[in-house]
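Throw the hints in and build the complete structure from the sequences for me.
If you want the building blocks of each chain, they are given just below.
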Amino acid sequence: MVPASYYLALAAVLFGIGLVGVVVKRNMLVVFMCIELMLNSANLTFLAFARRLGTLGGHAIAFFVIAVAAAEAAVGLAIVIAVFRTRGTLDVGEVTLLKS
Amino acid sequence: MSDRAESVVFWIFAIPLLFSAAWVVVAQNPVNAAISLVAAFFFLAGIYVLLAAHLLAFLQVLVYAGAIMVLFLFVIMLLTTGDEEFHRVRLRFTQVAGAFGAAGVVAVVLSAIYQLGDGEMPRVAPDFGTLKAVGRLLYTQYLLPFEATSLLLLVAIVGAVVVAKQRI
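In order, the protein sequences belong to chains A and B. Using this note's numbering, read the first sequence as starting at 1 and increasing by one per residue. Using this note's numbering, read the second sequence as starting at 1 and increasing by one per residue.
If you are wondering where the hints come from, they were derived from the structure by calculation, not from laboratory data. Be careful, since some hints might not be right.
Selected chain B positions facing chain A (Cβ under 8 angstroms, derived; list incomplete) [unchecked claim]:
(1) Asp3
(2) Ala14
(3) Tyr64
(4) Ile68
(5) Ile76
(6) Ala99
(7) Val106
(8) Leu116
(9) Gly117
(10) Thr149
(11) Val163
Here's a subset of chain A near chain B, in silico, CB distances under 10 angstroms, partners left out [what the hints assert, rightly or not]:
(12) Pro3
(13) Tyr7
(14) Ala11
(15) Ala12
(16) Gly16
(17) Val23
(18) Ala48
Heads up, the beta-carbon is just placed ideally off N, CA and C, and yes, glycines get one too.
Now the structure itself:
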């Protein structure tokens, strides 16, 4: 049996990779993809704990996370399209309307 | 499955998963990042099967690798004009500091997991994680969140159309 800690550590590293991507990348779409990566690592944690405890509650939560991620992707990509249409760029550093 | 075979399968999925996830961050071209993310989702589905989450592995491939990533690729094709160059820009100080902060977060979480101990997996019922078992749970204990999800998806559809459309 692979112990639960291996799955948890894998999820933690995956979350870290996503977090680094969100902080470092400038392209809005890639930042978005890294957020999806972080959501997936959270899912992996839920499923690892569900397997460890032998209950199915984690599976239900992971199901809802997938549904919310789908909704979030649809709305987020619509926002990306709207930003690109008004500013002509995907750079997150250029979108500074609230800063001034 | 024997212990040894299970750990071999785990590493077969885990190592390419980490590499493809890292490539999402490293790749300069967003299309490469998206394809690499699709690969990461497939490997993650394999890990889900190891965790006896058969329904979630199926949904992972269907919804994430299928629907969401196709949406991403559509938007990338729509917005990337092709003549923009993917040159390596100089990292700002805040970005470097943020990356180190992320590494610190991972270190803290990993040390917490280490203190948690190994955590031996118990034996589970043969229908653990199947469509029947999870579906029964969703339609009894989680019925209200399940219905709220349908409302959420409807709102997301309408919102996406309203935000992305030029003239309503």
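Note to self: Name the hints, by number, that the structure is in violation of.
What the structure shows: none
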